[in-house]
Amino acid sequence: MNEPEKQVQKFIRLKRFEEPRDGYFVDFLEEFRSRRNEGETSKGFLNSRVSGGVDNRKWFIGAGIAYAALLAVVLMWPNGPEAKQDSSRQPVIFEPKQPIRNSLTPPKVPISIPRP
Amino acid sequence: MSSESANESPADADKVLVALAQSGDTSAFDQLVVRYSPRLYGMIYHMTSNNEDANDLTQDVFAKAYRSLSQFRGRSSFYTWIYAIGTNMTLNFLKKRNRRAAWSLDNLDSGIQNDEAMVDLAHAANPRHQSDLNELQKKLNKAMQSLSNDHRAVVTMFDIQGIPHAEISKILKVSEGTVRSRLFYAHRQLQGHLEEFIK
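For the protein sequence lines, the chains are A and B, in the order given. Going by the numbering used here, the letters in the first sequence line up with residues -7 to 108, in that order. Going by the numbering used here, the letters in the second sequence line up with residues 3 to 201, in that order.
This is chain B alone, in the form it adopts within the complex (with noise of 0.2 Å):
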């Protein structure tokens, strides 16, 4: 599709697929699922640890999203409003999967350590320890595990995906300042669970 020409802005381009999509172009739709299926995936997935539950969890949010495209009336951007239905399902499933007792956090997923570009900057970050990116990973994970839900929610859009604070209140529905203040708790947490790895 050539809808989108150089000067169109993302969101604009957004508009323009949303609209085509409202009126039934599932092409449209589609290229919104190209779009935005590998940022929301990463936040599913480092919201949840685990790539089942992500996959699974990123196909529902664009299904609710296509189901309730025509009550989308473009207040917001579609990136903001799909990032919400994708945060709040996030938050619900989250509460159902800490209630069933067969999951631990041994089904953290894992596979960076082969990744170069991590060799690198963790060996930037921490030299003493590039050996060990095992085990930092299994540490970061717990570590991120180990937050409740809502402040892994600012860490991951945050640290992770680099959404600015105010994008952030928008999505989450909350004021710039709890955002803040959510990010220096967690960080102030995860501190602790990385100490051996902080020089």
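Bound-form chain A, shown alone (with noise of 0.2 Å):
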């Protein structure tokens, strides 16, 4: 290890002695007995403050209901407006004069032999 890291690494290992006030860790245990005893220990803090708290879980619930039930209208419409029986409306039939030839069946031509 070169000097300069030498220098970096005592410089960072300063942090250490970076701590929170006198008696936050008996705060900390009681805040977490308290969570516990309440049942919260299955909620995070920090996921509702990150994804915008509760409003926005909730805006987002309310839109994924709004979107399934416009989905199961859509589907569940009888057959919609425009599908209403039309007599004049007949369905086209294609039917072929002549048989569809394959491109790999050879033409049905007389074969002519030559006569000598």
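Think of the hints as simulated: they come from the structure by calculation, not from any bench. Note that the structure is predicted; figures quoted are calculated from it, not measured. Glycine included, every Cβ here is placed at the ideal spot set by N, Cα and C. It is possible that part of the hints are untrue.
Subject to a maximum C-alpha distance of 30 Å in a straight line, what follows is the list of computed BS3-like cross-link-like pairs (lysine-lysine) [to be verified]:
hint, chain 1, residue 1, chain 2, residue 2
1, B, K97, B, K17
2, B, K144, A, K(-2)
3, B, K172, A, K2
4, B, K172, A, K(-2)
5, A, K2, B, K140
6, A, K2, B, K141
7, A, K(-2), B, K140
8, A, K2, B, K144
9, B, K98, A, K(-2)
Taking beta-carbon pairs under 7 Å as the criterion, some of the chain A residues facing chain B (in silico) [said to hold, decoys possible]:
hint, residue
10, E(-3)
11, V0
12, I4
13, R5
14, R8
15, F24
Taking the hints as your guide, dock the two standalone chains into a single complex.
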């Protein structure tokens, strides 16, 4: 390890003296106990803060329900207004006049054998 | 609780506490919280550089460990296990926080400039800049935050917390070589940020 790298390490090690106030960890344990007693260990403190809080989550749930309802209406609509019976509109059936020839099958041409 | 005898190693004492906690003894788990919250909080604080985030995240780590305790089989030490939970949760949190537009380096916490031990050590490290501890701490925090999350994790665990390479590799589930190479590149990057303080 070279000298500048050693110096960097020395400086970074100073950060180990950054400690919370006296009594912080006593309060920390109390906070943990009360959360556990209230059954709140299943919830995260941070997820709500990072994702923007409970209101944001409610908005997402509401949007999801609205989308699901809209999708259900579209799927369950009885054929839609355009699909009503219209006698003037008959299905077009394509009927070829000649049999369709496959490019692989050779044309049926009479073979003429030249006479000597 | 008097389960920890004088000859018992910390790892053995942990095993006893974990077994008791798994059988429903909440006070045994509380002892694990007392034992590991300072180190875990320290790791998370140095990763996030924010006291409030570190507090909430450390609470969440213990809550998760409490919920998952039945799945802990003792293949690693409790210390490695809870550190792995803490590191994963912190890295996930940082990914989310980095996406938040509102968060900036101005939210970094400070406060070591009043610590006597810090003043002495800073003076020993570089007497020329003793008077500018506040500036040094700001630079240190900014330098740390300039590292990628993975690099900051190894610097925090190795340089600040003194965890050996082998232990870090178990916590992060990467090879020891990866830990060493991340440290090397992190130190090089930090060197650039702290240039003015290096003799």
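Here is how each hint holds up against the structure:
no. : hint                : verdict
1   : B/K97 with B/K17    : 33 Å, violated
2   : B/K144 with A/K(-2) : 19 Å, holds
3   : B/K172 with A/K2    : 25 Å, holds
4   : B/K172 with A/K(-2) : 25 Å, holds
5   : A/K2 with B/K140    : 16 Å, holds
6   : A/K2 with B/K141    : 14 Å, holds
7   : A/K(-2) with B/K140 : 20 Å, holds
8   : A/K2 with B/K144    : 16 Å, holds
9   : B/K98 with A/K(-2)  : 33 Å, violated
10  : E(-3)               : 5 Å, holds
11  : V0                  : 5 Å, holds
12  : I4                  : 4 Å, holds
13  : R5                  : 6 Å, holds
14  : R8                  : 5 Å, holds
15  : F24                 : 6 Å, holds
Checked against the numbered hints above, the structure violates hints 1, 9; every other hint is satisfied.
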